[in-house]
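Q: These protein sequences, in sequence, are chains A and B. Under this note's numbering, think of the first position of the first sequence as 1, with each following residue one higher. Under this note's numbering, think of the first position of the second sequence as 1, with each following residue one higher.
Hints should not be assumed to be uniformly reliable.
Stated by the list, open to error - Dumping the calculated SDA-like pairs for lysine to any residue here, alpha-carbon to alpha-carbon at most 20 Å:
no.	chain 1	residue 1	chain 2	residue 2
1	B	LYS57	B	GLY28
2	B	LYS76	B	LEU111
3	B	LYS81	A	GLU58
4	B	LYS68	B	GLY28
5	B	LYS68	B	LYS57
6	B	LYS68	B	LYS109
7	B	LYS109	A	ASP101
8	A	LYS65	A	THR102
9	A	LYS65	A	SER53
10	B	LYS68	B	GLU55
11	A	LYS65	A	THR44
12	B	LYS81	B	ILE17
13	B	LYS81	B	LEU54
14	B	LYS57	A	SER1
15	A	LYS65	A	GLN14
16	B	LYS57	A	THR102
17	B	LYS76	B	LEU54
18	A	LYS7	A	ASP101
19	B	LYS76	B	THR13
20	B	LYS76	B	GLY28
21	B	LYS76	B	THR97
22	B	LYS109	A	LYS7
23	B	LYS57	A	VAL113
24	A	LYS65	A	ASP101
25	A	LYS7	B	LYS68
26	B	LYS109	A	LEU111
27	A	LYS7	B	GLN25
These aren't lab readings, by the way, just hints derived from the structure by calculation.
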Amino acid sequence: SAVISQKPSRDICQRGTSLTIQCQVDSQVTMMFWYRQQPGQSLTLIATANQGSEATYESGFVIDKFPISRPNLTFSTLTVSNMSPEDSSIYLCSSTGFVTDTQYFGPGTRLTVL
Amino acid sequence: GQNIDQPTEMTATEGAIVQINCTYQTSGFNGLFWYQQHAGEAPTFLSYNVLDGLEEKGRFSSFLSRSKGYSYLLLKELQMKDSASYLCAVRDQTSGTYKYIFGTGTRLKVLA
């Protein structure tokens, strides 16, 4: 299985600022995804990070608020822009590999917006 | 539309067997996954079904019926460390790409 790391692991931010979360996979993967998980809730897919092209966003999520980059097969970033307290959540990246379609998760980034 | 349902909470006793059900409706079904998530941690992969039937992995088994849109996760010989949330996820494939849709999750409490 792929080993996935995320930075930062947690952060406390002020309203109106932006935070970029990095996701690094230790091997080349096909798909990378970004999820949000609010306290006590399940995972909600934000977008699929496409290598070399614009991300595919789910209903309710837009590029201006959550710009995503994926410059290569092992790295992606998610930016949470113009943050408000409602953005306080855990943000998780995940990937599926070339050999297996099983999805593995990074450890998550716990974001608190004051 | 897409819809995945699981019970919100379940309680069972150490050493017992528990079955967590998941029903789904999706247009481009391409596999069903079960994940375990302990509080404050990321989900970890448990099992995967793409064809009908039972998949067994040690104390954990997962069953799928595609015609009924139904799966269950069976946990045997429950241990205290099995107290966690269990997430059912459907891989949905449309237009040549796929994504994973998660159910609401089932919080399992194992009692001594």
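Q: For the pair supplied as a hint, LYS109(B) and ASP101(A), is the alpha-carbon distance within the 20 Å limit?
A: violated (30 Å)
Q: Against the 20 Å threshold, does the CA-CA distance of LYS68(B) and LYS109(B) hold or violate the hint?
A: Roughly 28 Å between the alpha carbons, so the hint for LYS68(B) and LYS109(B) is violated.
Q: Can the restraint linking LYS109(B) and LYS7(A) be considered satisfied, given a maximum Cα separation of 20 Å?
A: Answer violated: LYS109(B) to LYS7(A) is near 31 Å, above 20 Å.
Q: Would you check the hint for LYS76(B) and GLY28(B), treating anything up to 20 Å between C-alpha atoms as holding?
A: Violated, at roughly 31 Å.
Q: CA of LYS68(B) to CA of GLY28(B), is that 20 Å or under?
A: holds (15 Å)
Q: Given the hint that LYS81(B) pairs with GLU58(A), does the C-alpha gap stay at or below 20 Å?
A: The given pair, whose Cα atoms are some 34 Å apart, is violated under the 20 Å limit.
Q: For a C-alpha distance cap of 20 Å, please report whether LYS109(B) and LEU111(A) respect it.
A: violated (27 Å)
Q: Given the hinted pair LYS76(B) and LEU54(B), is their Cα-Cα distance within 20 Å?
A: Holds. LYS76(B) to LEU54(B) sits at ~14 Å (cutoff 20 Å).
Q: Quick one, are LYS65(A) and ASP101(A) close enough, alpha carbons at most 20 Å?
A: violated (29 Å)
Q: Going straight from one Cα to the other, do LYS57(B) and SER1(A) come out at no more than 20 Å?
A: holds (17 Å)
Q: Holds or violated: LYS65(A) with THR44(A), Cα cutoff 20 Å?
A: holds (16 Å)
Q: Between the alpha carbons of LYS57(B) and VAL113(A), is the straight-line distance 20 Å or under?
A: With a Cα-Cα distance of about 41 Å, the restraint between LYS57(B) and VAL113(A) is violated, given a limit of 20 Å.
Violated hints, in rising order: 1, 3, 5, 6, 7, 8, 13, 18, 20, 21, 22, 23, 24, 25, 26 and 27; the structure is consistent with all others.
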